[in-house]
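Protein chains: 2
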Amino acid sequence: MQLPESDKTLPGMNESGQQSGEKKPDFEALELEFLGSMLPGIVHNLATPLSGVIGATQLLEMRVGEQERLLNELDRGVTTSADALKVQHQKSCSNLDIMSRNARHLTDLLQVIIRRFHRCGQNTPGPVSLFELVSNELQFLDANLTYKHKVRKRFDLAHDSYTVFAVYKHVVAVIDEFVLRSLAAHDFSRGLVEVNVTTNYEAGNGILQLEAKFFETDEEPLETDSIDMFLARLGENGASYETHHEKGNLTITITFPRQAKGT
Amino acid sequence: MQLPESDKTLPGMNESGQQSGEKKPDFEALELEFLGSMLPGIVHNLATPLSGVIGATQLLEMRVGEQERLLNELDRGVTTSADALKVQHQKSCSNLDIMSRNARHLTDLLQVIIRRFHRCGQNTPGPVSLFELVSNELQFLDANLTYKHKVRKRFDLAHDSYTVFAVYKHVVAVIDEFVLRSLAAHDFSRGLVEVNVTTNYEAGNGILQLEAKFFETDEEPLETDSIDMFLARLGENGASYETHHEKGNLTITITFPRQAKGT
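For the protein sequence lines, the chains are B and S, in the order given. Residue numbers 629 to 891, in the working numbering, belong to the letters of the first sequence in order. Residue numbers 629 to 891, in the working numbering, belong to the letters of the second sequence in order.
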């Protein structure tokens, strides 16, 4: 079994700006470009639960003074204050509940993103669980609001412990580019885009199918050159693929070997 | 006065993947690439205050049961519970304080980022306050931990209401690329990098000076080709610039006109 290389390829500030004059596509630059395109959506997505946290915090803070007053009254023997304190307590509990839910949501979002960076640090081929990879990446894409709300999705993932032989980040790049292109089709036609993702195991191979259904227009809204480039990279590690592209539909089927060739 | 165009150029998911075969540098792709390189640092930077929020929330939640018990005791006439409740209240207040501070920090971070996206949506030349632009962008760069902690910075910004004639995002791109290159120099030599940013007004022009001092090595760690490309773009709107590059030092001086040529 090959161990993943260290985080050498975790996108860092020192890796960009090398895109000129190279024959081979600069995948690193493209990956950073993709992340950059995600950033505004991620930031907006973080803003909503954060405003829940802020709101609940402010309500709790507003209640502090009243609670202090009631506690002081108790000291002076005003027994009715106990009931009032209970009411305050109930309100605080429900604020706390909202806060907690939003803070957990924020944490989940950040963790999905951090996990994704970490996984994509794996730069060498090795056993990859298609189920885990696809689930994680779709969660990561969900961190972007456009994808979350504008695309109708349907997933049918074979949930088993089989793995395929591939480079984690190379598979991810195909999914990302596919989603990016589908969203571009959405922006172009203003029509709904439906994305179907299926994984399966057949004849000892792992299969990943990506299908985009989009609004038919006279001009074809969906470019596939960039997807082909990423597919070709998968081919370097033994995957085969088929692209079916017609008006209103793009279907990509990738077949991954279970193991490295010759093992 | 020209009004900024709408958010057309706000980095969106539909704008990437167009980097091949163009003569002119694809500035949009480069901008997204830069944002992508910032993302991991931003996410890690958000994680710290968020864990403060989570921690405080959990402490508050742990206290809920005890407070309920004490309130019930009060009902049954146990007057000593009032004092215990006061202690609980004090503790909750200090948790709330921590939470509030961290939540505000999170909000500030997100707002800096959102404001930056918004400003960089301005795609046409117009009056720009150098002070405001440089301050905002340095705050945005601070959202990335590498820059925040590994670069020694010194700023000397002329704080006045004068504006210069430029495209906001074009000026920002030069600062970003400059900082990116300086960080790359840091990664290369493992030595400290010092960045000095100065703005000034002289003879009716606005002047922005960017200076990087870095560790001298036999191999020059600092590429400037990409910076030149962004500087050339500033030239299109009437700015002139000078680059001074020697071992261990890069100084860029940009002179912006106060107004558009011929006005």
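It should be emphasised that the hints constitute simulated quantities derived from the structure, not laboratory data. Keep in mind that the hints are not guaranteed to be accurate.
It does not matter which identical chain is meant; a pair holds if it fits inside one copy or across any two.
The calculated SDA-like cross-link candidates involving lysine to any residue, where the alpha carbons are at most 25 Å apart (straight line), are [said to hold, decoys possible]:
# : residue 1 : residue 2
1 : 875       : 755
2 : 797       : 675
3 : 778       : 749
4 : 797       : 673
5 : 652       : 717
Hints, one by one, checked against the model:
For the identical chains of this complex, residue 875 and residue 755 are neighbours neither inside a copy (36 Å) nor across copies (46 Å), given an alpha-carbon limit of 25 Å. For a Cα distance limit of 25 Å, the shortest separation of residue 797 from residue 675 across copies, 23 Å, qualifies, whereas the shortest one inside one copy, 28 Å, does not. Taking identical chains as interchangeable, the C-alpha atoms of residue 778 and residue 749 lie at most 25 Å apart only when they sit on different chains, with a minimum of 22 Å there against 29 Å within one chain. Taking the closest pair of Cα atoms, residue 797 and residue 673 come within 25 Å of each other both inside a single copy (24 Å) and across two copies (24 Å).
In this assembly of identical chains, residue 652 and residue 717 lie within 25 Å of each other by CA distance neither inside one copy nor across copies; the values are 64 Å within and 64 Å between.
When held up to the earlier numbered hints, the structure conflicts with 1, 5 and fits the remainder.
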